[in-house]
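Whenever a hint applies, use it, and build me the whole structure from the sequences.
Residue numbers (our numbering), protein chains in the order written: chain A, 1 to 119; chain B, 1001 to 1115.
All the pointers check out, no bait thrown in.
Calculated pairs, EDC-like style, for lysine to aspartate or glutamate (alpha carbon to alpha carbon, straight line, at most 20 Å):
| id | chain 1 | residue 1 | chain 2 | residue 2 |
| --- | --- | --- | --- | --- |
| 1 | A | LYS56 | B | GLU1103 |
| 2 | A | LYS37 | B | GLU1103 |
| 3 | A | LYS54 | B | GLU1103 |
Don't read these hints as lab results, they were simulated from the structure.
Now for the letters of each chain:
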Amino acid sequence: DQQVKQNSPSLSVQEGRISILNCDYTNSMFDYFLWYKKYPAEGPTFLISISSIKDKNEDGRFTVFLNKSAKHLSLHIVPSQPGDSAVYFCAATGTAKMNYGGATNKLIFGTGTLLAVQP
Amino acid sequence: DAGVTQSPTHLIKTRGQQVTLRCSPKSGHDTVSWYQQALGQGPQFIFQYYEEEERQRGNFPDRFSGHQFPNYSSELNVNALLLGDSALYLCASSLYGISTYNEQFFGPGTRLTVL
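Here it is as structure tokens:
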């Protein structure tokens, strides 16, 4: 049961143009969403996140949009740069308190989208 | 700050063997989570340790077990290895949080190959 889906395995964009990466989820309990970037031979690195109480979060060239009714989020990169070429993972979690008193940090990841930014 | 470190970097085992992977969390972090990333897939949550106890577990068999030490470092053990256990194993550390999400920092992973 794939709760977080990234339906585009790859995306190729020209340098300077906009990159749009998409992600869909099925679990209504998810209330926090993240994008991670991964280079080969490295672990995923956090890029940007959004809480379900918002519909947009912006950080420099990166903007994440959340459409809760459609259970869809997207990552916009403007302008795209060759150094942005990497695999991008969408992830989701629910921040409800666990029985031991802490919040879950369990992330559910999508399968990733390989972004190639052409010079 | 060294960030999250994992050892070894690569490992080759044969079916039926046992393996232990190690993780040192980022300085100041007290919670460690382990993920398995198979080829072409996203990372899948295995389990999470806090205060030396397993707090959450994903859909993985009992062959996967772990441990957290008083210094917050952690081990992942896999018994009776199967070919399907070949994957990149990622460790992530974070701070304990109450009803909030605390950012997870990932290590570079250990590449396990089972022959």
